[in-house]
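Residue strings, one per chain:
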Amino acid sequence: MTQDRSSATEREAIHRLVELARKDGRPDAFMAKRNWSRYMLGLPLDITADCEDPNAVWAGIMHNVSGGGIGFWSKRDVKSNTRVFVREYSRDGGGAWIECRVAHSTLGLQGFLIGARFENPAPREQPTIVETPVELDRQTAQEPGSRALLPRRSLSTKCAFACATTSCLGIVFAAWFCHTLWPQNWLFWLVPISTLLASGMGAFVGWCIVDDEIRFLKGLREAVCSLARSGGSPVPVPETPSRELGELRQAFMELAAQSRRREGEQRLQREKLEELNRIKSNILSVVSHDLRTPLTSILLYAQMLKEELQSLAEEDQKRFLDIIAGECNRLSRLVDDLLEVQRLESDRIQWDIKPQDLSETIRTGARVFEAMAMGKEIAFTVECPEPLPTVEADSEKISQVLSNLLSNAMKYTQSGGEVALSVEVRGANIVLCVADNGPGIPRDQWDVIFDRFTQLTHSTQSRNSGVGLGLNIVKRIVERHGGAVWVDSEVGEGSRFFVSLPTKVKRPLPESDPSDAPVGRVLVCDADPELAAMIAQSLQTERYEVRLAYSGKRLLAQAEEGQIDVVITDVLLPDMDSSELLAHLVALPHRTFRLIVHSYACDTRQLKRQGVDAFLERPTSRKELLQAVTVAMQKRVQTGLTVLLVGRQLRPLAPALSRAGHLPIIAEDFETASRLVCDYSLNAALIAEGELDEQWERLREIGIRADDPIRLMIVCENLQKRQKLLAEEYGLQTVILEPGKESVVAAEVSRLQESYLERMRR
Amino acid sequence: MKRIVVCDDELHILEGLRHLLRGPDRKIVIGHSGVDALEQVRQEVPDLLIIDIMMPKMDGIQAVATLREQEETRHLPIIILTAKGHARDVAMVQEVWNVRVMAKPFEPAKLRQLVAEILETEPCTVPSSN
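So the sequences go chain by chain: A and B.
Every position in the first sequence, counted from 1, becomes a number in the numbering used here once 726 is added.
Every position in the second sequence, counted from 1, becomes a number in the numbering used here once 1 is added.
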């Protein structure tokens, strides 16, 4: 029994549960807290105690076992019937392992095990208490009282025995019958021989009958073991002819799907936490860097002034003081910006958003910069039609946006250059544009400059841009208005910053709550910055967190950083061709994202072969975009097949399929269905029979056009001859769906998945 | 004449360092990036290189790594100035490349002292205030 446990298993169990155990407090608290009820029968405990004196802990254990610590025994007052066996071993300088076994005579319970491990010297950490998994179940514990014949024999032996016994009894009974009728018949002597033969045959037949079940149980055991080892690939459970075992099998499949899904979710959670932690330390290091740099200048010049007060020329002294003042200003601006970003981030700002004409705000905001432009000899033009369509906005924040953009433009434009502010109405948006002819920003940095701190961590490309937090503040404010901001620039020619604000907000702006995690992270890449910004805007209103890239290089860099759920990319990028880009993306190590290609018409089969999950043809509607992203998000945690349901009446199938780990996509008609088949990477399509009549040719089209020949199944209420014929002709599978029996179809799909797995293994 | 190359992307710091370290027998050359540093060193191996870590184009770490790989600059005295307060990184850099590291903001007098020690000249080329 438990003593036979190998120490390796013991150690493994301890390691596995050590994390769990850290939550528990002191050993005695643990004893009191645990529900030592009858279900705990046979539960081994492993207590690692932070105690130098083994005897003290030992006393504690004894107290808990024999005293009031164990609820079950004390309540029933059967304490006197409890015997405690104590074993102690491996007592050396490093520690000791004590184990005791408790047996209860009247209840026939035994196998209760407590162990205590002492580390000497005591570990500094909290004492850890480890609970190893149940080793003895009730059945085994009560074995002496078991009523079954042939306990501990295998099922096949039992069956063989049963059949043999029945056959023997039959023969004996027949012999007795014959003997009574014809007492002197010589045939009577055949009885012992035929009994022998019959029992042999009975045993053989019995063994044959249960052979399938045995094989099934073995397969199931393997599958359970693989499930228990988290991360193990799913092992298919063999088919079984018998109904009860079939139900067991299905229940297990659902359990497995569920557990895999949960595992996926947990992994996501963990990744998010790690990401947060990473961001936190990044911020700390960057902020400290940015504070230190001006401080260094201040300290340097102040010290030099102090030391050389006498010898320095007056103009040098003045210059030094100017530098110190300038650096102090820089510090204070930095602190202001940091606070502003922090306030925007935690949404502690009072927003005063109301419908208004922004032209006045824009003009006033621009006027402030006229003087600066004049001083620097920059030609500054403002072009703003009046009146502008009404926009829901906070005018103060919008003027802050304008001021940040204009001051950047002024800062980076040389004397004699040009800065232009223009406003125009494009569709349902008003678009502000601030153009300068400064040094320009390379395409690879178009996304980076809007980030909060990242531009500084990418040290090699950052400092020349030196935009600081201003643009991040712009981005946050504009996004809060449901708008978008982007940049278009040519190195050496200048930059144009765009801000687009929607004139009609589709829905009231969500009251953003900082504790709300985003639904998912999407990385959008497009050569056209405006289009990328528009996609981002659509996704952001649905609470997705969006990152942007404008070149293949940046796309790969950002995707490699991880923490991306979905990538939406154009394949016509300036710096990389389509197949190179896709090959790189798909081959990224630790790739966790799903891939959507958003481009002009191209060979979708080829794309799917390259590992693309969905294709969106331009121009894409907002609805299609969101559908594709939603499907891609679900695909991340889904463990089964992606199944297309054609026909409204199949809607009730969706929940059953999801429960079994599959991803159902519903198409109401054939029109939608054939588009989805073309654009999405699907494994199977279920078609309602009602949809079929007129659509055989279309159906064939679906089957043919799909890249990986997807499996088609017809779902019907009862199988008619015509359908049978058609199904045969087209090689389709038919499934019967009775109302309330959706899980049967789900099981059919799971079976299909197994055949896929099987094929992949081969 | 001792030749010192100073590289930092902050103009004020660069100017300040030039002022701080100036002396009759010293020639101070400045650069704005890691690439500048390598270029200056390539032209003529200086007696001392003072370099920042976070710079555009090529950062200080890369520049120093490149220099240490070359035979003629393997033992070039280098002082790294850094506002990156990662104690572990700094310790590693010091160990591996045999360089001196000074955290920003630094004490100007200490830097002057260190430079003087390295160049083995009199520490004070400029009269101190008292």
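Hints should not be assumed to be uniformly reliable.
Stated by the list, open to error - Here are the simulated lysine-lysine pairs, DSS-like style, with alpha carbons at most 25 Å apart: (1) Lys58(B) with Lys1279(A); (2) Lys1032(A) with Lys58(B); (3) Lys1137(A) with Lys58(B).
Hints in this document: simulated from the structure, not taken from any laboratory.
Hints, one by one, checked against the model:
1. Lys58(B) with Lys1279(A): 17 Å, holds
2. Lys1032(A) with Lys58(B): 35 Å, violated
3. Lys1137(A) with Lys58(B): 21 Å, holds
This entry does not satisfy hint 2, going by the numbered hints stated previously; all others are met.
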